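Residue numbers (the numbering used here), protein chains in the order written: chain G, 1 to 276; chain H, 1 to 276.
Hints in this document: simulated from the structure, not taken from any laboratory.
Note that this is a predicted model, so its numbers are computed, not measured.
Some hints here could point you the wrong way.
No copy is singled out in the list; a pair is fine if it fits within one copy or between any two copies.
With a straight-line Cα cutoff of 25 angstroms, these simulated DSS-like cross-link-like pairs (lysine-lysine) come out [to be verified]:
| # | residue 1 | residue 2 |
| --- | --- | --- |
| 1 | K26 | K140 |
| 2 | K26 | K11 |
| 3 | K140 | K247 |
| 4 | K44 | K26 |
| 5 | K201 | K160 |
| 6 | K34 | K11 |
| 7 | K140 | K14 |
2 protein chains.
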Amino acid sequence: MNKQQLTENIKRKKTFLCVGLDTDLKKIPEHLLKEEDPMFAFNKAIIDATADYCIAYKPNLAFYESAGLQGWQAFEKTVRYIREDYPDQFIIADAKRGDIGNTSMMYARTFFEELDVDAVTVAPYMGEDSVTPFLGYQDKWVILLALTSNKGSNDFQLVKDEQGEMLFEKVLRTSRRWADDSNMMYVVGATQGKMFTEIRKIVPDHFLLVPGIGAQGGSLSEVCIYGINKSCGLIVNSSRAIIYADKTENFAQAAKEEARRVQSEMAAELAKAGIV
Amino acid sequence: MNKQQLTENIKRKKTFLCVGLDTDLKKIPEHLLKEEDPMFAFNKAIIDATADYCIAYKPNLAFYESAGLQGWQAFEKTVRYIREDYPDQFIIADAKRGDIGNTSMMYARTFFEELDVDAVTVAPYMGEDSVTPFLGYQDKWVILLALTSNKGSNDFQLVKDEQGEMLFEKVLRTSRRWADDSNMMYVVGATQGKMFTEIRKIVPDHFLLVPGIGAQGGSLSEVCIYGINKSCGLIVNSSRAIIYADKTENFAQAAKEEARRVQSEMAAELAKAGIV
Numbered sequence: 001m002n003k004q005q006l007t008e009n010i011k012r013k014k015t016f017l018c019v020g021l022d023t024d025l026k027k028i029p030e031h032l033l034k035e036e037d038p039m040f041a042f043n044k045a046i047i048d049a050t051a052d053y054c055i056a057y058k059p060n061l062a063f064y065e066s067a068g069l070q071g072w073q074a075f076e077k078t079v080r081y082i083r084e085d086y087p088d089q090f091i092i093a094d095a096k097r098g099d100i101g102n103t104s105m106m107y108a109r110t111f112f113e114e115l116d117v118d119a120v121t122v123a124p125y126m127g128e129d130s131v132t133p134f135l136g137y138q139d140k141w142v143i144l145l146a147l148t149s150n151k152g153s154n155d156f157q158l159v160k161d162e163q164g165e166m167l168f169e170k171v172l173r174t175s176r177r178w179a180d181d182s183n184m185m186y187v188v189g190a191t192q193g194k195m196f197t198e199i200r201k202i203v204p205d206h207f208l209l210v211p212g213i214g215a216q217g218g219s220l221s222e223v224c225i226y227g228i229n230k231s232c233g234l235i236v237n238s239s240r241a242i243i244y245a246d247k248t249e250n251f252a253q254a255a256k257e258e259a260r261r262v263q264s265e266m267a268a269e270l271a272k273a274g275i276v
Numbered sequence: 001m002n003k004q005q006l007t008e009n010i011k012r013k014k015t016f017l018c019v020g021l022d023t024d025l026k027k028i029p030e031h032l033l034k035e036e037d038p039m040f041a042f043n044k045a046i047i048d049a050t051a052d053y054c055i056a057y058k059p060n061l062a063f064y065e066s067a068g069l070q071g072w073q074a075f076e077k078t079v080r081y082i083r084e085d086y087p088d089q090f091i092i093a094d095a096k097r098g099d100i101g102n103t104s105m106m107y108a109r110t111f112f113e114e115l116d117v118d119a120v121t122v123a124p125y126m127g128e129d130s131v132t133p134f135l136g137y138q139d140k141w142v143i144l145l146a147l148t149s150n151k152g153s154n155d156f157q158l159v160k161d162e163q164g165e166m167l168f169e170k171v172l173r174t175s176r177r178w179a180d181d182s183n184m185m186y187v188v189g190a191t192q193g194k195m196f197t198e199i200r201k202i203v204p205d206h207f208l209l210v211p212g213i214g215a216q217g218g219s220l221s222e223v224c225i226y227g228i229n230k231s232c233g234l235i236v237n238s239s240r241a242i243i244y245a246d247k248t249e250n251f252a253q254a255a256k257e258e259a260r261r262v263q264s265e266m267a268a269e270l271a272k273a274g275i276v
């Protein structure tokens, strides 16, 4: 999916919500454990319930890997299901990969050729040749970790260099030489509030993938005040608050209501910014 | 496996070689493609041929993920095979994972509970809470990326902070607060030569996992001059130069000869350092 298509979907559906499919066998409703493929059954129900209110899905690979072979199968089936039944959804493999060139190439093949997702999250620590193998695919995206939503983001990402530039700023500035806003986005946590102002100075036009609202406590309105740009430029993720809104047989309906609630907040933010 | 056991294996076998199982269906000998599980068949032959000359195996997950379900199956079978038939081998899942706390926890479960490997490589960018979930397991190890072997290591790892400390040094120094040399090691590329001197000032007693000899061009003797410590403290990896030493039906024999050649160099280095 290219940037124009993504932006059109946001305007048409009045939402920039991404639903994080952090599907944990220990947390899904018990009655689903009788299904042949409980993880996929859960995902399918969540997707069917929420697709009207979001423009992206983000399965986090950790949750699928931890279920072994069955988990990988559920991951593949989920991606295929979204592709076929909801072709206007942007699919993000939240994998946080990054390795030496020939190895990153293998990961890129996996995610973009075998699985056909739209975007992969990539960790920047190993630098240019760990990231560029993901960039050779038409209408596919790298989403580079910049300023993450967790407490540990303080340990290294905020360290200032000799010129006073923080590491995440250096990641933004340096990686702009590798790709532009047509195939690179950045992860910026919703918990980082006013940092969005600084970030928008460096990457005014790029899309930002924003985790951290919902269970992690970030504020959607604060993200919008400091982070929204003229074509929205935000994909805001919520995982646990939506998919585990309810743990009974009513889980899909509860997920739908929570997604709809977030969507209506987002519609208001888009209107406020003059985008819709 | 604990540090004492690992050190004893090194002294007994006079080697600190790790064989990297970067098993690529496009590179393994053609006759193996007829096997039911070609990746596992290749690994099994390589392991049987090289086990006398190494103390560790390091499958890189990228290569298995890129083969989808079959790849995961091959990965699991490989780990199980080493565990059962070569219990004195240290198994490193080269995964370069790292995510927010609850997600890193899922990865830790996968690698240490489901798969029972000895160590996982972890990327430091997201800081403490992305690393510590891997540290709660007896005799299991985090191998944190510090100074990698690739060209892109220059982009961020060598950036100096306001006190003149480079990022990889900060990673070493900061992470020493999270764990000690009984459950943390560091990745330092063999291509980084004299940097080992600086690194040994910060982490004199830790094991270092050293990729980059062989196909990547790093020098074993240079690594030893600057990096060896009193209990060796090095696990030096070679992947392609060993496993693809020959691409005919003779591949396992060729891998054995290359592993034996490296082992004999290592035996000489251990003698030179007075360790054996």
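The hints, checked one at a time:
Only between protomers do K26 and K140 lie at most 25 angstroms apart by alpha-carbon distance; the minimum there is 24 angstroms, versus 32 angstroms within a single protomer. In this assembly of identical chains, K26 and K11 lie within 25 angstroms of each other by CA distance neither inside one copy nor across copies; the values are 36 angstroms within and 44 angstroms between. Taking the closest pair of Cα atoms, K140 and K247 never come within 25 angstroms of each other, the shortest separation being 35 angstroms inside a single copy and 34 angstroms across copies. In this homomeric assembly, K44 and K26 come within 25 angstroms of each other (Cα to Cα) only inside a single copy, at 17 angstroms, whereas the closest approach across copies is 34 angstroms.
Taking CA atoms no more than 25 angstroms apart as the test, K201 paired with K160 passes in both settings, with 17 angstroms inside one copy and 23 angstroms between copies. Within a single copy, K34 and K11 get their C-alpha atoms no closer than 40 angstroms, and across copies no closer than 52 angstroms, so neither meets the 25 angstroms cut-off. Only within a single protomer do K140 and K14 lie at most 25 angstroms apart by alpha-carbon distance; the minimum there is 23 angstroms, versus 48 angstroms between protomers.
Comparing the model with each numbered hint stated earlier shows that hints 2, 3, 6 do not hold.
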